[in-house]
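Chains A and B are the protein sequences, given in the same order. The opening position of the first sequence corresponds to residue 1 in our numbering, with each subsequent residue numbered one higher. The opening position of the second sequence corresponds to residue 1001 in our numbering, with each subsequent residue numbered one higher.
These are calculated hints, taken from the structure and not from any lab test. Quantities reported herein were computed from a predicted structural model and do not represent experimental measurements. By construction, the Cβ of each residue, glycine as well, lies at the ideal position given by its N, Cα and C atoms. Be careful, since some hints might not be right.
As the list claims (entries may be wrong) - Within a straight-line C-alpha distance of at most 27 Å, the following computed DSSO-like cross-link-like pairs (lysine-lysine) qualify:
| id | chain 1 | residue 1 | chain 2 | residue 2 |
| --- | --- | --- | --- | --- |
| 1 | B | K1083 | B | K1009 |
| 2 | B | K1009 | B | K1095 |
| 3 | B | K1070 | A | K42 |
| 4 | A | K69 | A | K42 |
| 5 | A | K78 | A | K98 |
| 6 | B | K1057 | B | K1009 |
| 7 | B | K1014 | A | K98 |
| 8 | B | K1057 | B | K1083 |
| 9 | B | K1057 | B | K1095 |
| 10 | A | K58 | A | K69 |
| 11 | A | K78 | A | K57 |
| 12 | A | K98 | A | K59 |
| 13 | B | K1009 | A | K98 |
| 14 | A | K42 | B | K1009 |
| 15 | B | K1095 | A | K42 |
| 16 | A | K98 | A | K58 |
| 17 | B | K1083 | A | K98 |
| 18 | B | K1057 | B | K1014 |
| 19 | A | K42 | B | K1071 |
| 20 | B | K1057 | B | K1070 |
| 21 | A | K58 | B | K1009 |
| 22 | A | K78 | A | K59 |
| 23 | B | K1071 | B | K1009 |
| 24 | A | K42 | A | K98 |
| 25 | B | K1057 | A | K98 |
| 26 | A | K59 | B | K1095 |
| 27 | A | K98 | A | K69 |
| 28 | B | K1071 | B | K1057 |
| 29 | A | K69 | A | K57 |
| 30 | A | K58 | B | K1095 |
| 31 | A | K98 | B | K1071 |
| 32 | A | K57 | B | K1070 |
| 33 | A | K42 | A | K78 |
Said to hold, decoys possible - Stretch by stretch, here's where chain B covers chain A in the computed footprint (C-beta under 8 Å, at least three residues):
| id | region |
| --- | --- |
| 34 | 40-48 |
| 35 | 98-105 |
To be verified - Chain B regions said to be covered by chain A (calculated; three or more residues, Cβ under 8 Å):
| id | region |
| --- | --- |
| 36 | 1017-1025 |
| 37 | 1068-1074 |
| 38 | 1078-1090 |
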Amino acid sequence: ILNVEQSPQSLHVQEGDSTNFTCSFPSSNFYALHWYRWETAKSPEALFVMTLNGDEKKKGRISATLNTKEGYSYLYIKGSQPEDSATYLCAFERNTDKLIFGTGTRLQVFP
Amino acid sequence: DGGITQSPKYLFRKEGQNVTLSCEQNLNHDAMYWYRQDPGQGLRLIYYSQIVNDFQKGDIAEGYSVSREKKESFPLTVTSAQKNPTAFYLCASSKTGTPEAFFGQGTRLTVV
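Pulled out of the complex, with its shape left as it was, chain B reads as follows (with noise of 0.2 Å):
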């Protein structure tokens, strides 16, 4: 089936370390994203791509990086530069022209 997937769902890490979200979908589409969730707020824009080994940096981008080195693959790194990484993250594709996003079902991550 085709579909965007999130791994893992949910992720715990110490403080100060690295961390890298995975993010990979077989529809063919053009565009990834990946929003931020925290509680009493809206999803809020990460980083964006609209072509392979291309990226924009979204509304928060600070403390992140993403890669776009395959069409199926937009991994996300959080970085020990993150202040307040503890946070669902949802990473969403689109096709080019077509206006409805996809979503996977997020990565929970708690940083302790």
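Chain A with its partners taken away, still in its complex shape (with noise of 0.2 Å):
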């Protein structure tokens, strides 16, 4: 079974606030790695596909690293907003067509 590891739980930061979580995930025969955002009451939303060690994807104030050889991904946003607010999943793609996704990153900003 692979495990796909998300931290922390969960988040609570004012808005202004800089934040960042973790992805870990098995760093063998890895194809991509996939963040997506999901808010309550919608379908989760892609937000970054990364599959080259090093890579680095960034959408406004969203963005993300990949470190393929120790298997984990950052994701960071700059300067939080309420709006922010939201569950952030990572799932992890071998060669085999299927996500395997973590737990999530549940993050509440406060005004």
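Assembling the complex is the task here: the two chains are given apart, and the hints tell you how they should meet.
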């Protein structure tokens, strides 16, 4: 059984704070690492898909890095806003086209 | 608008009854997936299908069945053999060669 672990499980920050969380995954047979953002009562939405060691992706105030050799990815949010409140899921993809999800990090940003 | 639709949003069933959850997509995606979420756990893969008339078991397929008679549709049946059916079920689809998956809004199944 493959384990994808995310930490912390939940996070509460003040508006304007920057924050980051971690996704750990098996480093063997890596194909891709996905980040999703899941707001309450909505569908998960894809943020990033990263495939190469050292990849860095950015979308507005959110960015992600990838280290496939040691099996981790960081997601950063700069200057958090209340609308960033959501659960952030990472998913590991081997060369079998199956996505294996972590438990998510629940972020709450207080105004 | 293109998208993936799950119905119903909430479903209640008596223990021992089979129940079928609907998932339809009009994105022309080849692959479709069913995931289950329980409190404190990530999304776990139940079944997936890469092409019409073919599907594969995921990590927790026991007590579930699926069919893929049409590209647009991938219904999931929760059978009476599933010991803990109460959960949140998410359906997803993706295009072959494209890593990004699109999700429905989920069905919350409660078995009493």
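So, going through the hints one by one against the coordinates:
no. : hint                : result
1   : K1083(B) / K1009(B) : holds (21 Å)
2   : K1009(B) / K1095(B) : holds (25 Å)
3   : K1070(B) / K42(A)   : holds (26 Å)
4   : K69(A) / K42(A)     : violated (34 Å)
5   : K78(A) / K98(A)     : violated (31 Å)
6   : K1057(B) / K1009(B) : holds (24 Å)
7   : K1014(B) / K98(A)   : violated (32 Å)
8   : K1057(B) / K1083(B) : holds (17 Å)
9   : K1057(B) / K1095(B) : holds (19 Å)
10  : K58(A) / K69(A)     : holds (21 Å)
11  : K78(A) / K57(A)     : holds (14 Å)
12  : K98(A) / K59(A)     : holds (25 Å)
13  : K1009(B) / K98(A)   : holds (25 Å)
14  : K42(A) / K1009(B)   : holds (11 Å)
15  : K1095(B) / K42(A)   : holds (21 Å)
16  : K98(A) / K58(A)     : holds (24 Å)
17  : K1083(B) / K98(A)   : holds (24 Å)
18  : K1057(B) / K1014(B) : holds (26 Å)
19  : K42(A) / K1071(B)   : holds (24 Å)
20  : K1057(B) / K1070(B) : holds (18 Å)
21  : K58(A) / K1009(B)   : violated (33 Å)
22  : K78(A) / K59(A)     : holds (11 Å)
23  : K1071(B) / K1009(B) : holds (22 Å)
24  : K42(A) / K98(A)     : holds (22 Å)
25  : K1057(B) / K98(A)   : holds (11 Å)
26  : K59(A) / K1095(B)   : holds (22 Å)
27  : K98(A) / K69(A)     : holds (20 Å)
28  : K1071(B) / K1057(B) : holds (18 Å)
29  : K69(A) / K57(A)     : holds (18 Å)
30  : K58(A) / K1095(B)   : holds (23 Å)
31  : K98(A) / K1071(B)   : holds (18 Å)
32  : K57(A) / K1070(B)   : violated (36 Å)
33  : K42(A) / K78(A)     : holds (23 Å)
34  : 40-48               : holds (count 6)
35  : 98-105              : holds (count 7)
36  : 1017-1025           : violated (count 0)
37  : 1068-1074           : violated (count 0)
38  : 1078-1090           : violated (count 1)
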